[in-house]
Structure formats: structure tokens, C-alpha cells
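Got chain A; can you put chains F, P and C on it based on the hints?
Chain residues, written in single-letter form:
4 protein chains.
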Amino acid sequence: MSEHPTSDHASHPGYADHKADVLARLKRIEGQVRGLQRMVDEDTYCIDVLTQVSAATKALQSVAVNLLDDHLRHCVIEGGAADPERAAELVTEATRAVERLVKS
Amino acid sequence: MSEHPTSDHASHPGYADHKADVLARLKRIEGQVRGLQRMVDEDTYCIDVLTQVSAATKALQSVAVNLLDDHLRHCVIEGGAADPERAAELVTEATRAVERLVKS
Amino acid sequence: MSEHPTSDHASHPGYADHKADVLARLKRIEGQVRGLQRMVDEDTYCIDVLTQVSAATKALQSVAVNLLDDHLRHCVIEGGAADPERAAELVTEATRAVERLVKS
Amino acid sequence: MSEHPTSDHASHPGYADHKADVLARLKRIEGQVRGLQRMVDEDTYCIDVLTQVSAATKALQSVAVNLLDDHLRHCVIEGGAADPERAAELVTEATRAVERLVKS
Chain A
1292 MSEHPTSDHA SHPGYADHKA DVLARLKRIE GQVRGLQRMV DEDTYCIDVL
1342 TQVSAATKAL QSVAVNLLDD HLRHCVIEGG AADPERAAEL VTEATRAVER
1392 LVKS
Chain F
1292 MSEHPTSDHA SHPGYADHKA DVLARLKRIE GQVRGLQRMV DEDTYCIDVL
1342 TQVSAATKAL QSVAVNLLDD HLRHCVIEGG AADPERAAEL VTEATRAVER
1392 LVKS
Chain P
1292 MSEHPTSDHA SHPGYADHKA DVLARLKRIE GQVRGLQRMV DEDTYCIDVL
1342 TQVSAATKAL QSVAVNLLDD HLRHCVIEGG AADPERAAEL VTEATRAVER
1392 LVKS
Chain C
1292 MSEHPTSDHA SHPGYADHKA DVLARLKRIE GQVRGLQRMV DEDTYCIDVL
1342 TQVSAATKAL QSVAVNLLDD HLRHCVIEGG AADPERAAEL VTEATRAVER
1392 LVKS
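Protein chains in written order, with the numbering used here: chain A, 1292 to 1395; chain F, 1292 to 1395; chain P, 1292 to 1395; chain C, 1292 to 1395.
Just chain A, with the same shape it has in the complex (with noise of 0.2 Å):
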């Protein structure tokens, strides 16, 4: 776990009103790696295997984007009102995380 300015929201994550639908995506993505490993297995021909690949990777995108939004309306909208010190460090993380996936 990172250090990060706000471990005090982590009984309320950004993602709180979300949580079911976040886990049921990632539900199915685990259910795509898991059908992964079923081509595989069964010797996929490999470009068919690359288009699952791709679809995983998409969705997985889908999630963190979805994570970052709440993320902001939530944790960096809310938790920067109050104080424009910790607005400034929640912006700097926010914008960590968004390189991260970018590069990803």
C-alpha cells in the first residue's frame, strides 16, 4: 500500500455506491484471464488468443477509469473543499495514478 494522504477514507472509498457493480467487473475480467487460460490450454491459434488478450486489457481500462472518476467526484472534490493544502496532494496523486495508466 502507498502512503497516502487520506488513509482515513478508506472505510469510505470513492467507489463506495459502486462497489457491487466495480466487483462484478472485475468478476468477469476474472473470468476472461480464466478463459485465457482455456485457449491456451486447448491451443488457441494465437491471434485469437491476442483478441481476448486485448478485450481483458480494455476492460481492465474500463475499470480503472471508472475507479478514477469516482475517485475524484468523491475523495478529491470532497476531501479538497475542506482543505486547499490536502486538495494539492490529492491532485498530485490523482494525477500519479492517471500516468500510471497511461503507460499501462
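If you are wondering where the hints come from, they were derived from the structure by calculation, not from laboratory data. Possibly wrong hints are sitting among the right ones.
Because identical chains share one entry, a pair is satisfied inside a single copy or across any pair of copies.
16 Å max Cα-Cα, derived EDC-like pairs, lysine to aspartate or glutamate [stated by the list, open to error]:
hint, residue 1, residue 2
1, 1310, 1333
2, 1310, 1360
3, 1349, 1384
4, 1394, 1374
5, 1310, 1332
6, 1310, 1334
7, 1318, 1332
8, 1318, 1390
Just chains F, P and C now, with coordinates in the frame of chain A:
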């Protein structure tokens, strides 16, 4: 499954020699995605979840690059050496797979 | 131009304090793209051209992450603090921008 | 320039037949990057600048995919058909280029 020009290759995919390694990597990614569900379930801080989503995405992209390497090495080069027309189809197909990867 | 909820911000964009730096980075990227034309014109080896295309792409993505940081810091946090409804619109808009970045 | 196994290909790069098209695309991207400088200079709203950065990035990635297609088609397939050892080097080199693209 896509209609591809090399259905006869299906029984000997490009990754045949690395099958155990590809499966081990996918198994590890499945574990990462299950770990993500645990993190969300335990209300882990958004940014820490995002960091792990980026790690799983990177791991998937890395599997894709390895599959593509095997595919070029074994299916495209070998399949293409025998028949120039087929080589052209195989390159078009491989390039489209790269396009999907780059965009995902 | 998109229809956005903050047209009144146009005269003081989030990057106002870093304008010279953003312009210098873009100038450098313009130079990279001109360098690419020279490489192609001189029949440079494909892989060397591709390496430079990747470098220019990375430089553009880095400009984007910096612009986003400034935007979150100045437009979203500050604009959002004043008005919760507007904050919601600003987050939606910023998330869509991140989505386009991640997919590009 | 990288040390690559095909320096003798430099005078006939894979994109030789599409040189005018590649140059036209790069010229257009140069225009997009200059347009970005104008936007920043005129204090255009951050999100509109970001949209154009994403468009320029996509255009660069598209040039890259095209260059890779030409490279696989002409340099890798043709160079590789003559000499299996060289084919192996060419694939390794091409895969590394894809890896840089995917991460950029």
C-alpha cells in the same frame, strides 16, 4: 473465433514451446484480478486499487507482447516462407492484432 | 471545440502559470515530428523511425498528463469548490478526457 | 540510431512504396502540433487542448502501425525468408518496437 488463414496451425500455435510459461503468467494475472476483488471488498483506498489495476494491465500487455513474438517467429515467418500470398495475409492479421493492443 | 460548462474559464486556463513550459514542450514535439519527416525522407531504417515515433508519442502523453494535473488543480478543484453541481460536470468532463488519453 | 542487423536495408526501407503517404501523415501531425501551440497561446480551455493532444497521439500511433505493417511485410518476411538466423533477430527487434509502442 475469427476466420483466419491458418486454421491448420491451431494444433501447433506459435506459443507451443512456451505454453507452461504463458499459462503460469495468466494464472498469476488471475490471482491479481482476484486480489483486486478482495481490495475492493475491503474498501481499500481508490488509488491503491488503481495502482493494482495498472499492474494487472501491464502484466496482460506483457503476455500479449510475448504471444506476438512467438506468433511472428513461428507462424508468420514459417508460414510465410512457404507461400508469399499467405505471408501477406498473415502480416495483415498480425498488424491488426498490434493495432488492437496499442488501442487497448 | 466542445461545449463545456466552463467557457468562462477560457481566458484563465488551468495551465496559465505553465504556459511557457507547455509551449516549449510542444515546440520540441513539433521538432521531433519534423525530425521524423527527415528520417523518412532519408530512407531511415523502419525500426529507427518507429523508435522516434514512440518517443514523440510519449512526449505528447506527458504534455497531456501535465495539462490534466493543471486542469484538476485549478479548474476542477477551484471551480468545483464554489458549486457542487458544477463540480460534478467538471469531473465527468475530466474523466472523459482521461478515457480518450488511455485509449489513444 | 540503433545497431540493427539490417543496416543494408536502410536504402530500401519497408515503407519505400508508401513514402509519400507517410510523409503526408507526418506533415499533418506537425500541423496538429502547431495547432496545439496556437490553442495554448490563445488560452484555449484545457479539455479542448487535451482532446487535440489525444487526436495527435492517435495519429502518431496510426503512423506507427502502418510503418510496422510495411516493416513486417517487406523487411522481416523477405529478409527472414533468406536466412533463418536473421529472421530470428528481425522478429526480436520488431517485437521490441511493438513493446515500446504499447507502452507509449
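Now for the hints, and whether the structure bears them out:
1. For the homomeric pair residue 1310 and residue 1333, the shortest alpha-carbon distance between copies (10 Å) is at most 16 Å, but the shortest distance inside one copy (35 Å) is not.
2. In this homomeric assembly, residue 1310 and residue 1360 come within 16 Å of each other (Cα to Cα) only inside a single copy, at 13 Å, whereas the closest approach across copies is 27 Å.
3. For a Cα distance limit of 16 Å, the shortest separation of residue 1349 from residue 1384 qualifies neither inside one copy, at 23 Å, nor across copies, at 20 Å.
4. Proximity of residue 1394 and residue 1374 under a CA criterion of 16 Å is satisfied in neither setting, with 30 Å inside one chain copy and 33 Å between copies.
5. Taking the closest pair of Cα atoms, residue 1310 and residue 1332 come within 16 Å of each other only across two copies (8 Å); inside a single copy the shortest separation is 33 Å, beyond that limit.
6. Taking the shortest Cα distances, residue 1310 and residue 1334 sit within 16 Å of each other only across copies (9 Å), while inside one copy they are farther apart (36 Å).
7. When the C-alpha separation of residue 1318 and residue 1332 is checked against a cutoff of 16 Å, the pair qualifies only between copies, where the shortest distance is 12 Å, while the shortest distance within a copy is 21 Å.
8. Neither within a single protomer nor between protomers do residue 1318 and residue 1390 lie at most 16 Å apart by alpha-carbon distance, with minima of 25 Å and 22 Å respectively.
When the structure is compared with the earlier hints, violations turn up for hints 3, 4, 8 and for no others.
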